[in-house]
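Those protein sequences? They're chains A and B, same order as listed.
Throughout the first sequence, residue numbering follows this note's numbering, covering 18 to 325 in sequence.
Throughout the second sequence, residue numbering follows this note's numbering, covering 31 to 204 in sequence.
Keep in mind that the hints are not guaranteed to be accurate.
Said to hold, decoys possible - List of simulated lysine to any residue pairs, SDA-like, C-alpha gap at most 20 Å: (1) B:Lys-184 <-> A:Phe-23; (2) A:Lys-55 <-> B:Ile-137; (3) A:Lys-55 <-> B:Asp-180; (4) A:Lys-30 <-> B:Gln-158; (5) B:Lys-148 <-> A:Ile-66; (6) B:Lys-196 <-> A:Lys-95; (7) B:Lys-169 <-> A:Ile-70; (8) A:Lys-55 <-> B:Lys-94; (9) B:Lys-94 <-> A:Ile-70; (10) B:Lys-54 <-> A:Gln-61; (11) B:Lys-148 <-> A:Ala-59; (12) A:Lys-78 <-> B:Gln-158; (13) A:Lys-95 <-> B:Arg-157; (14) B:Lys-192 <-> B:Glu-168.
Simulated from the structure, these hints should not be mistaken for lab results.
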Amino acid sequence: MENNNFEETFLAKWISGELTQNQLADFEKHPHYKQYVKISEATQNMSLIEYDIDNALLSLKGKVKTRSKKVKVFTLYKYIGIAAACLVFCAGLYLFTFSNTIYTSSIAEHKNVVLPDGSTVLLNAKATAEVNKFKWKKNREVNLTGEGYFKVKKGSKFKVKTALGVVQVVGTEFTVNVLDNELLIVKCFEGIVKVDVGIKEVVLTQGNALQVYNEKIQQWNFIKEAPSWVLNNETQFNSVPIGYVVTALKRQFDIQILEPENIDEKLIFTGRFSNNNIKNALYTVFSTLGLKYEFVSEKEIRILDPTE
Amino acid sequence: MLGSKKISLCRDSVYESFFKDHAKSLRNFLFVKFGDKDLSEDLVQEAFIKLWENCNKVNPDTAKSFLYKIAINTGISNKRHDQVKFKYQNIIVHQKKSADMETPEFIMEEMEFNEKVKRIISSLPDRQREVFILNRIEKKTYKEIAQLLDISVKAVEKLMHKALLKIRSVIGNK
């Protein structure tokens with residue numbers, strides 16, 4: 018082992034106590050052995066200057082607190098993200114189960130809607146019915162714009178809410194027509210209907226009709242079994258200002274009225290018009306009131322100045 | 031997943047005990063490497079701050095090597111600007127022997143010898159000095175040193191051997 022020189026890791030093995038007995042015995046005879054032992058002993062008791070670990074931790078904590086705000090904000094965002102996701106999920110759930118279902122009919126369309134209890138609403142053209150299915154068992158309520166023909170199954174109170182008032186029934190057939198949220202027409206075809214327009218409550222029986230406009234209530238009787246728009250596809254009005262008749266026309270036909278300022282707003286229309294034929298419909302409405310008009314295109318009708 | 035989450039370094043208690051386990055050994059390693067007390071202690075702080083900032087990215091298993099890598103790299107880039115002189119006489123302290131039966135002459139002689147050894151250690155080439163101090167003073171095994179310096183155990187042993195040869199030869203010549 019110990020010739021004139023050492024193996025290149027010999028001293029490392031010696032100082033870590035990895036030499037064999039024989040190697041060690043040989044090494045002890047080496048002229049420098051005692052010096053190596055002295056070095057080993059001297060370094061055995063050496064140490065590095067103490068490290069004040071508690072102080073270091075303390076100062077680290079101070080630095081981490083001031084500098085790690087970014088990190089904390091990041092983790093907070095994570096929680097906000099989770100919370101937001103939950104919120105969106107709940108909102109979605111709410112929308113699907115608790116919120117209202119809205120049925121809409123487009124121009125000239127009749128749409129039949131079956132309500133949760135089997136009652137039906139036939140929506141006339143350009144109407145919407147909003148129903149909360151979740152609360153239906155407790156509250157039979159429909160929010161209506163436009164015209165609807167209701168056939169209500171017997172049961173608890175059934176309410177049709179409109180901008181102008183509430184129509185309340187127990188079990189019956191009736192129509193509710195809201196024009197521009199300003200004019201309300203209710204017709205009762207069967208049973209009893211209670212109309213609450215805020216200023217007054219009116220009870221309608223079979224064959225009674227009611228019109229509310231400008232806080233004035235008009236009542237009349239009719240002998241139809243079902244609405245004219247259901248039976249003959251006609252729209253019928255009884256003393257309705259011309260503006261609302263135009264609204265009704267627009268529900269049935271996809272038309273634009275040009276220069277509507279030429280229509281005298283005070284004109285009142287009583288009568289019916291066809292929902293099938295626009296030419297006939299316009300003729301019956303406008304010519305009976307003495308209005309002149311022309312087709313600019315298939316969908317545009319210009320009202321002519323009556324003074325010309 | 032759950033297991034590693036539980037010992038996440040982002041938790042104050044985990045982070046703190048990690049500091050207590052590794053700070054001293056890291057500081058001494060940097061001390062040996064750069065020979066500057068203030069620098070090495072600053073580097074420890076820097077490295078631990080970096081660790082905290084990345085606590086959710088660093089796997090606890092590799093956190094130690096992350097720590098050493100950051101500290102060494104920052105230390106090297108700092109040292110480039112400001113060449114640190116090794117002042118090992120100042121950083122190595124010699125513990126007094128417990129049995130004080132020796133004569134004053136003997137103690138004087140021993141102190142002289144110790145100072146001589148410290149001086150020689152300071153003058154060793156960087157690698158030899160690192161290995162020698164880590165082994166003799168920090169009491170690390172060759173395997174641990176090999177990992178720290180990212181070299182083979184054999185290379186550590188060779189460096190250790192050379193360091194001992196050098197120290198002895200300098201002492202012998204005097």
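Status of each hint after checking the structure:
At most 20 Å may separate the alpha-carbon atoms for a hinted pair to count; Lys-184 of chain B and Phe-23 of chain A meet this at roughly 15 Å. With a CA separation close to 14 Å, the supplied pair Lys-55 of chain A and Ile-137 of chain B stays within the 20 Å bound. The hinted pair formed by Lys-55 of chain A and Asp-180 of chain B fails the criterion: a straight-line CA distance of about 30 Å is larger than 20 Å. For a cut-off of 20 Å, the pair hint linking Lys-30 of chain A to Gln-158 of chain B stands: about 15 Å separates their Cα positions.
Between Lys-148 of chain B and Ile-66 of chain A the CA atoms are separated by roughly 14 Å; this keeps the pair inside 20 Å, and the hint holds. Of the supplied pair hints, the one linking Lys-196 of chain B and Lys-95 of chain A is violated, its CA atoms being roughly 58 Å apart against a limit of 20 Å. Under the criterion of a C-alpha separation no larger than 20 Å, the hint pairing Lys-169 of chain B with Ile-70 of chain A is consistent with the structure, at around 19 Å. The suggested pairing of Lys-55 of chain A with Lys-94 of chain B is violated, with an alpha-carbon distance near 35 Å, which exceeds 20 Å.
The straight-line distance between the Cα atoms of Lys-94 of chain B and Ile-70 of chain A is roughly 17 Å, inside the 20 Å bound, and the hint therefore holds. Distance hint between Lys-54 of chain B and Gln-61 of chain A is fulfilled; the C-alpha atoms sit about 19 Å from each other, no more than 20 Å. For the given pair, Lys-148 of chain B sits about 10 Å from Ala-59 of chain A by alpha-carbon distance, which is consistent with the 20 Å threshold. With a CA separation close to 36 Å, the supplied pair Lys-78 of chain A and Gln-158 of chain B exceeds the 20 Å bound.
Taking the CA atoms of Lys-95 of chain A and Arg-157 of chain B, the gap is near 46 Å; set against the 20 Å cutoff, the hint is violated. Distance restraint check for Lys-192 of chain B and Glu-168 of chain B: the Cα-Cα separation of roughly 18 Å lies within the 20 Å cut-off, and the hinted pair is therefore satisfied.
Consistency with the previously given hints fails for numbers 3, 6, 8, 12, 13, ordered from lowest to highest.
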